[in-house]
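Given next are the chains, with one letter for each unit.
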Amino acid sequence: MILSGWGRFPKLDCKVTRPRSEDDLRALVAEGALIARGNGRAYGDAALSARGTVDMRGFSRMLSFDAETGLLVAEAGVLLADIITAFLPRGWFPLVTPGTKFVTLGGMIAADVHGKNHHKDGSMAASVEWVEVMDGDGVVHRASATENADLFGYTLGGMGLTGIILRAAIRLRPVQSAWIVQETLPAPDLAAAMALFEASGNATYSVAWIDCLASGDSLGRSLVMLGEHAAPADLDNRRRARPFVTPAKRRLTVPFDAPGFALNRYSVSAFNAAYWRKGRRSAGRALVDWDSYFYPLDGIGHWNRIYGRKGFAQFQCALPLAASEPGLRALLGEIAASGQGSFLAVLKRFGAQDSRFSFPMEGYTLALDFPVNPTTLALLDRLDAITLDHGGRFYLAKDSRMSAATLRRADPRLPAFLAMRAAEGRARSFASALSERLDL
Amino acid sequence: MTLPPVLILGGRSDIGLACAHAFAAKGHPVQLAARNAAGLQPEATDLGLRHSVPVSLHEFDVLDTPGHAAFLDALPAAPGIVICAIGMMGEQEASELDFAAAAQVMRSNYEAPAAILGLIANRMEATGSGTIVGISSVAGDRGRATNYVYGSAKAGFTAFLSGLRNRLAKTGVHVVTVKPGFVATRMTAGMDLPAKLTAQPEELGAAVLKAVTARRNVIYVRPIWALVMAIIRNIPEPIFKKLKL
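These protein sequence lines map, in sequence, to chains A and B. Letter 108 of the first sequence, counting from 1, is numbered 108 in my numbering, and no numbers are missing. To convert, take the position in the second sequence, counting from 1, and add 1000; that gives my numbering.
No wet-lab data here; the hints were simulated from the structure. Do not take every clue at face value.
Said to hold, decoys possible - Lysine to any residue pairs mimicking SDA-like chemistry, simulated, CA-CA at most 20 Å apart: (1) B:Lys1026 x A:Phe244; (2) B:Lys1244 x B:Ser1152; (3) B:Lys1241 x B:Asn1147; (4) B:Lys1196 x A:Phe256; (5) A:Lys15 x A:Arg51; (6) B:Lys1196 x A:His302; (7) B:Lys1210 x B:Gly1080; (8) B:Lys1026 x A:Thr85.
As the list claims (entries may be wrong) - From the derived model, a few chain B residues whose C-beta atoms are all more than 10 Å from chain A: (9) Ala1078; (10) Ala1159; (11) Ala1206; (12) Leu1227.
Ideal placement from N, C-alpha and C gives every residue a C-beta, glycine not left out.
The shape of chain A in the complex, shown without the other chains (with noise of 0.2 Å):
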């Protein structure tokens, strides 16, 4: 079966099999070379293995809820959305949620993904109880911060190359209703959001859209968004009274791929600096229903095909703190110049972090992405570059052509990783397109 990852590149054959219970999946990883999937939201090849891909979403009950403490217990095929779903009109909400509502628990961990909110509740492991992991012997292992304390440390984060992510426990938070309180500020500049990042630590969630292909003076000009849960204060009478309620959303698609040429320079300079006019001119605070809010392009179905068949590539980065704004700098500087924007550029303040091998560390994080060609591809090689002259790193669950040795120059962390895969068998047991191009 051809499979791919949200980006559409790279396409692989893939022998694909669903398992159902843990004697089934006990079968196959005595096959070796298995790595999980689960929605298949990495845009990447982390989730593609041709030999064994395992499609998790068999796997999607819910097991126990705690109501006195949000402590939920799932199988690893459950769904975001669903946990949302199920547990937003009681009152909780995920404590840490990536971009998209549509990927799996197990996807989560595995990617140990981060939201807005990282600077001040860090990435998905601080809500991370325990897991359970089989490994290629087929023993199911219970891990936490407090037993098997390695493998926990290196599921979180690990790209599912410690093992089958079988089940977890996680901590939702209280929440009082389903709206945001959003305050837009724009940054005519590179230094002004940088500013606003660093004046705004106490806001719970804060990211900002940059347009990458400003330049001179407007080089880095963004919109940072600042969100906070609402309170009943901060409703009206109408949604006070129902404060779990938001409207239902129209769902639109893209019901074909556009054409190679409907995303150039012109048309992508042209929606951002309308993007940007129009955040400026309504700036200040608006309530925003937690969909809208938070999974903005979940409203879209299929937008990866806005890029055209051939796919896209996305770029994340994280610079450390210190190098951040010349970092930052270079990157944007070179985006511009090569003229080949992203709609979809993003920029955030990252907190503290230490970690086996997961990607946030204290700084600054960018995220494009851009349509896969010939011109793309060079211009990301020389991102990485300018990545690894700062000190940052890169984002797993987004990258899809990035070369092992620029991993290896990336991530001191890199040989201690290997040695866990070297140990019981992993590297033999659990593989993906992405470990064997970055030869982990």
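Assemble chain B onto chain A, guided by the hints.
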């Protein structure tokens, strides 16, 4: 307003569970009936956690027809909606070689489901309300060499549901016949099914919910199946008998 419970016969099947989720999401309490019902506890917990509805498990063997009345009597509340998702494909070849195997397929897909639904129909008729949903099959629309034992049983079941609907039309009890077409379930795992003709279980659950709400009589889950089966039913027999289907 409390909604009437939905009873799922064949509560372990993917189709039965998908229906359970669709109705539970609307707030209906769920009664799951199956053999070894205790083994369905994780499914029951999942349904309850997701939808905040009461879920109960009930030991039920459809082939034990003498036990049907006692099974219904033991339910915590009379169900307002009954969905029969019991089915057994069997091996066509085994059915050809051994009538005992064929009889098992016939009993599991027609005789025994008809027995329990007949009993439920009588009880619903007495109260003057209720909905019965029978998951039949497109295989019952015309017998084909590759699965005619299963198909003949489903044909019987389809006719039974049609007759039941006719009989109860004036009583307030409604009967829905569902012909799913291909559905990606455990029963079809490993078969090479065309994607455009294959529904996901959730799609089926949503279609059944819609059909019950709108009081539809006969539905195909994916509309394309109405066309496919219209063609298959209308191929003249002299030609049909020579086809490999």
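20 Å limit on alpha-carbon distance, applied to hinted pair Lys1026 of chain B and Thr85 of chain A: holds, 13 Å
Ala1206 of chain B remote from chain A - nearest C-beta pair above 10 Å: holds, 14 Å
Pairwise hint evaluation, His302 of chain A against Lys1196 of chain B, where the allowed Cα distance is 20 Å at most: holds, 17 Å
Given hint Phe244 of chain A paired with Lys1026 of chain B - CA-CA distance at most 20 Å: This hinted pair holds, its Cα atoms lying about 17 Å apart.
20 Å limit on alpha-carbon distance, applied to hinted pair Lys1196 of chain B and Phe256 of chain A: holds, 16 Å
Given as non-interface: Ala1159 of chain B, which should sit over 10 Å from chain A by C-beta: Given a closest Cβ separation of 34 Å, the condition holds.
Agreement of Lys1210 of chain B and Gly1080 of chain B with the hint, judged by alpha carbon distance not exceeding 20 Å: With Cα atoms ~16 Å apart, Lys1210 of chain B and Gly1080 of chain B stay inside 20 Å; holds.
Pair hint outcome, Lys15 of chain A versus Arg51 of chain A [Cα-Cα no greater than 20 Å]: Judged against 20 Å, a Cα distance of about 6 Å means the pair holds.
Distal placement of Leu1227 of chain B relative to chain A, Cβ over 10 Å: holds, 22 Å
Lys1244 of chain B paired with Ser1152 of chain B [C-alpha distance capped at 20 Å]: holds, 18 Å
Pair hint Lys1241 of chain B and Asn1147 of chain B, alpha-carbon separation not exceeding 20 Å: holds, 14 Å
Minimum Cβ distance from Ala1078 of chain B to chain A greater than 10 Å, as the annotation requires: Holds: least Cβ distance 28 Å, greater than 10 Å.
Violation of the numbered hints given earlier is absent; every hint is satisfied by the structure.
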